[in-house]
Amino acid sequence: MTGATEAWAGLSPNAPSSVVRLLSQRELGNAIEALVGFQPQSLSSLPADRHDLVYDRVVDAQTISSLHEDAFEAIADEIADKLLSTDFASLVPSCKPASALGTDGAALGTSRRPCIQAVIDGVAPRAFRRALDADKRAALLDLYDKAQSYRDGARQVVHGIFRSPSFLYLVEYGQPITGRSDALALTDDEVAARLSFGLCETLPDDGLRAAAAAGKLHDPDDIAREATRLLALPCAKTTVQSFWTQWFRHSKLDGLKRDATKYPEWTTTLATAVARESQQFFDYITWDQSGSLHDLFATKKSVIGSAIAPLYGLSGLGDTPAPVDLPAERRGILTQPSVLAITSDPDASSPVKRGVYVLQSVLCQTLPQRPQNLAITTPAANDAKTTRERWAQHSSNPACSFCHQMLDPVGFSMEDFDAVGRHRTTENGLPIDASGGIPSLDIPDHSVNGAGQLSDKIADLEAARTCFSRQWLRFALGRMEVSADAPDLDPIASVARTNGSLQSSFLSLVRTPAFRQRPRVTTQ
Amino acid sequence: MKLSVSRRTWLKTFAGLTAAVPFQGLLRDAFAQSMPTYPRFVVVYNPNGCSPDFWRPRAPGGGPADKTGWTLDFDPDSSMGPLEKHKDSLIVIEGLDLTCNFDQATSYLGHNGGAVAPLTGLHARGPDNADSMRTTGPSIDYAVAKQLKVAPFLFHPTGYAGSNLHITFDDAGERVPNEYELRTSFDKWFGSFMAPSSMPDPKALARKAADQAVIDFLNDDAKRLRPRLAGTEKLKMDAFIDGLNLLQQKINGGSAPLAACQKPMQPGNITGTQETIQTMLQLTAQLLACNLTRVANVNIDPVNSGKMSWLPAPLNTLAVHNDIAHGFRPGDPVSGRNLSIVHHWYATQMAYFIEQLKGIAEGNGTVYDNTIILWTNELGDPSQHMNNNIPFVIAGGGGKFKRGQYLKFGISASYKESRDSNGPLLTSIANQFGMNTMAFGDPRYPGELPGLT
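Protein sequence lines, in the order shown, are assigned to chains A and B.
Heads up, the final residue of the first sequence is numbered 524 in my numbering, and it's a clean run with no missing numbers.
Heads up, the final residue of the second sequence is numbered 453 in my numbering, and it's a clean run with no missing numbers.
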C-alpha cells in the first residue's frame, strides 16, 4: 500500500457505520416482485428515499417514520389481495383448491393450514435471506391459527412477512473471526444478500442461494465468481446505471426548468432525451466498450440521436441514438448536455455550480465552509456582460474570494457551453473566455481552455480515481467510506490507474475484506 | 406525572352538585376528569420572514404597543390585520432568536439550516452533499405527539419540491417526511373512517383485532432482532418500533370523536392555490374534531415561495422568496409593504383556520379553546436572511398561557448578535403537555419563557 496512504488522506477517521439499512424503494419493489411476481402500486406511497449522501441506500441518511409504516401496511395489503385472488396457487401450485372453497371460518382455516404452512416455508426464508428460526415460524403460524379463518389468517401472515424488519432491512449479524475484535465475518447468506442487493438491487437468486447453502461464499475467488455471473445479468446493468445516474446527480433533470425566452427549445421531451443520452453513454462505456474511468471522462464519443443533435450542432443523425464521434470541443461525461444543464441557472450557465459540482461531486474535494453570516447575493442578470464577467466582479469581494479562487477557475473553464449544453464562442455578442484550471489540484488557472481540455485533465487526476472508488464503495456497501477503508478502496483505484475496465473496478471491491466482513460495533 | 384539574372541570363539578346528579356518577366523572387533560397542538408554518414594522402590534392611536390593548389592523396591508377579531386569544411574541445557531462554526443558517431550529431549539448538522438538514433531537411537534401517543398530521402542500423546509424532526434529529397530496391524505386518514355508532360493527372489530395481532407480531420480531444489534444499529430498530407504536395508537383510535366530527368531502386534485390551503386547514380541523390525531404541523405556503398569482399587481408577477423577501429592505416602506401584503395573506389563512376550529363545539366551548397553535417562520427580517427576531404567534386556548398579550424580547439589531433564544418558548409549550422539562432543545437556554403564564 506504499504511496497509497496519501491518496486516501482526508477520509473520516470515524469507525465505519454498520449496516442495518432499510431497503431502498427500488430494492423493495424488486424484492417483492422476486417473491410474488409483481410490484405493488402502493410502493409509491412510501416517502421518497433520501439522497443526502448521494445514493438511495446509504444507511446514515435513512429515516423511518409513521408514514413508512402506513405505506408498508398498504403494500402488504395489496400483496395479500393479489395472493388471495388465486388462493396462493400463483405462489405454491399445491395451494390450488380442488373445488370452490366454502364459507370462511375456523373449519376452512384448518383445512387450508397446510397451504399457509407451505407459503411460510417457501416465502419467509427467501424474504428474510436466511433460514427461518423455529420461533419465528411458530409465531407466523400462530398469527394464522388465532385468526380462526383462512382469509383473515392468511392476510395476517402476509403482513407478518412483508412488514417484518427482517424483510425490510438488510440485517447483518456476522460471526466472530478468531483473533479479531474489530470485525465479524459475514455468513454465506449475508454475503449472498450483499452481492445481490449490491449488484442487482434485489433478493439473492437461485444461484446465490445454492452457493450460500453449499458454503461457497466466503472465499474471495468464490465471491468474485458469483459477482462476475451477476454482472452479466440485466439486473446488474440496471444497478450500475443507477450508480452512475445517482453519482452524477441526473435526477436533477426531472422537471429542470429553463428560461423560455432564452432557451425556447428546452422542453420536458428534450430533458428526457438529454437524460437518455447519458444513460446510453454509461452503458456504452461500461459494457459495450468495456471502457475505463479515463474513457468516462475523456472519450471522444457519445450516443446521440436526432432529438439532441441540435444541441451538439450535428445533423443527419437517425432517431435512434447511436455512438458518434464528438465535435472537437467535447470529451466524455462532463461535456454532455445533462451535466451542463443541471449545473446551470435557468437563464445562464453557473460557473459556481459547475465548480462545486466538479470539485465536490466528481472529485470528492471538501470545500471550505461558507463564512458565517455572509449575506450572499447572486450577480444580477446583465445583457451587456458575459456570465464570467458578472461573476468575476462578484468574486472579487475579499470575503468571497477565498472560496472562489478554488471554484471559479473550474467553472470558468466550462464557459464554452451554455445552460442547455450548446457549445458557444460568444455570449451577448462578447467573446467567451473559457480559460481556467483546478488550482487546488495543481492544475494552474489559465492552463486549460474549455470543458473538453478540463475533462482531459480530470481523466488523468488521481483525485478522479479515488473519488470513483469512494463512490462505488458507498453505493455497493450502502455506507459512508472512512479512513479504515483505504486498503479496500485502493484496489478499485489501482484498476483505474492502469486504465483497467470499469467492470474490473466494480469486481475488485468484492474481493476485499471490507466486502465479506462487517465492523464489530461495541455493544452499548 | 403532574395532575391538573382544569377550571372547567371544577365548574362542571359544582354545577353537577347543584343539579343533584347522582353522587356515584359524579365521582366517576370527577375521577376521569382528574387525569391530565392536555390540549391539542398545531404548528402553522410559512417561510421567508416578515416585515417587522407592518407585523408588530401598535397602540390603538399608533405608536408602540403596550403589553395589552394593542391593535393589529392599523393599516389595510398590516401583516396580521385579518387576526384583529381574534386578538384576545393571541400571544404575539417578538424578539426571539434561533440563538443556538449563532455561535456555530457551520454555515447551516438562513432558510435551510434555519428551518431546523424554530421547533427543535437545536442547531442543524448536515452531512456532506446534504440535500436536507438534520439535527440531534426532536422538534416540539414530534415530542408532543409522542407524549400524547398520537401520530401527527404533517402536511406540506408543495410536496418534495419543498422538502428542504419540512420542520419536523424525530428523536434522532432526522427530518420527518410530510404528507403532501390532499387526496392521498384524505384516503389515509378518513378513507375507512366511520364515526362509531352505538352498535359496534363486528367486521370493524375483527379488523382491529387482526391489525393488533400483526402489530404484536412485528413488535416481537423487531425485539427479537434488537438484542443481536449494537449501538447505533439498535437506534434503527427503535425508530421502527416507534413507528409501529404510532400505528397502534391509530388502530385504537385514541379518544372518541367529538359529536361535531364530520367526515369531510374527498378533496379534488388542487395544488398551488388558495383553495389548497383552505382544504388542508379544513382537513386538519376535522382530524382534530374526529380525534384522529391531536397534533398537526401544516405549511400554509401553497406556492413553494414562488408567485402568488392572486395578489394585487405587480406582486402577482413576483416570486415571494426571490423577489419580495429578497427585495425587502428595513425601513423602506415600499418593499416593507410588499412583504406585508404576502404576510397579510398568510394571516387570512390563519384566521380561516381559527374560524374552522371555533366552529367545532367541544364541551362548553369549541376545539379552538383546547388547542395550542404555534405560528412560526424560519426567518425574521429577510433582508439578512438570518435567524433572529422570528415572528412567533401563539393562538387558541388550552394550557395555562395568558392570552391577549404582546411579549417583546430583545431585538437583535443585526445578524451579528443574538439576545433571547426561542428555546424557552419551546420549553413552555413542552410543559403545557406535561413534559416537565428544564430545557427543550439546547440546554444552554433553560427555563420557560417569562410572561407566558
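These aren't lab readings, by the way, just hints derived from the structure by calculation.
One or more hints might be untrue.
Said to hold, decoys possible - Distance ranges between label pairs, derived from CB positions: (1) B:ILE241 x A:GLU389: 54 to 62 angstroms; (2) B:THR271 x A:PRO346: 46 to 54 angstroms; (3) A:SER306 x B:GLY272: 30 to 38 angstroms; (4) B:ALA319 x A:PRO13: 40 to 48 angstroms; (5) A:GLU389 x B:PRO76: 43 to 51 angstroms; (6) B:ALA319 x A:GLY313: 29 to 37 angstroms; (7) B:GLN147 x A:THR228: 19 to 27 angstroms.
Claimed, not checked - Partial pick of chain A residues on the chain B-facing surface, computed with a CB cut under 8 angstroms: (8) PRO13; (9) SER17; (10) THR63; (11) ASP70; (12) LYS146; (13) VAL171.
Unchecked claim - With a straight-line Cα cutoff of 20 angstroms, these simulated SDA-like cross-link-like pairs (lysine to any residue) come out: (14) B:LYS307 x B:LEU318; (15) B:LYS208 x A:PRO346; (16) B:LYS307 x A:PRO346.
Beta carbons: idealized from backbone N, C-alpha and C, even for Gly.
- So the hint says 29 to 37 angstroms: do the beta-carbon atoms of B:ALA319 and A:GLY313 match that? The hinted range 29 to 37 angstroms holds for B:ALA319 and A:GLY313, with Cβ atoms some 34 angstroms apart.
- Message: Can you verify the interface hint for A:VAL171: is its Cβ closer than 8 angstroms to any Cβ in chain B?
- Response: Cβ of A:VAL171 sits 7 angstroms from chain B, so the hint holds.
- Under the criterion that the straight-line Cα-Cα distance not exceed 20 angstroms, is the pair B:LYS307, B:LEU318 satisfied? With Cα atoms ~6 angstroms apart, B:LYS307 and B:LEU318 stay inside 20 angstroms; holds.
- Hint check: is the beta carbon of A:ASP70 less than 8 angstroms from a beta carbon of chain B? With Cβ-Cβ at 6 angstroms, under 8 angstroms, it holds.
- Restraint check for B:LYS307 with A:PRO346, where alpha carbons must lie at most 20 angstroms apart: Satisfied, since the Cα-Cα distance of roughly 16 angstroms is no more than 20 angstroms.
- Query: Given the hinted pair B:LYS208 and A:PRO346, is their alpha-carbon gap at most 20 angstroms?
  - Reply: violated, 52 angstroms
- Query: Against chain B, is A:LYS146 within 8 angstroms by beta-carbon distance?
  - Reply: With Cβ-Cβ at 6 angstroms, under 8 angstroms, it holds.
- Supplied distance hint 30 to 38 angstroms, evaluated on CB atoms of A:SER306 and B:GLY272: holds, 35 angstroms
- chain B contact restraint on A:PRO13 - CB to CB distance below 8 angstroms: violated, 15 angstroms
- Task: Take the C-beta atom of A:GLU389 and the C-beta atom of B:PRO76, compute their distance, and say whether it sits inside 43 to 51 angstroms.
- Result: holds, 44 angstroms
- Task: Confirm or reject the claim that B:GLN147 and A:THR228 have a C-beta distance inside 19 to 27 angstroms.
- Result: violated, 54 angstroms
- Query: If you take the shortest Cβ to Cβ gap from A:SER17 to chain B, is it below 8 angstroms?
  - Reply: Hint holds; A:SER17 Cβ to chain B Cβ min 7 angstroms, cut 8 angstroms.
The structure fails to meet hints 2, 7, 8 and 15 from the earlier list, while all remaining hints are met.
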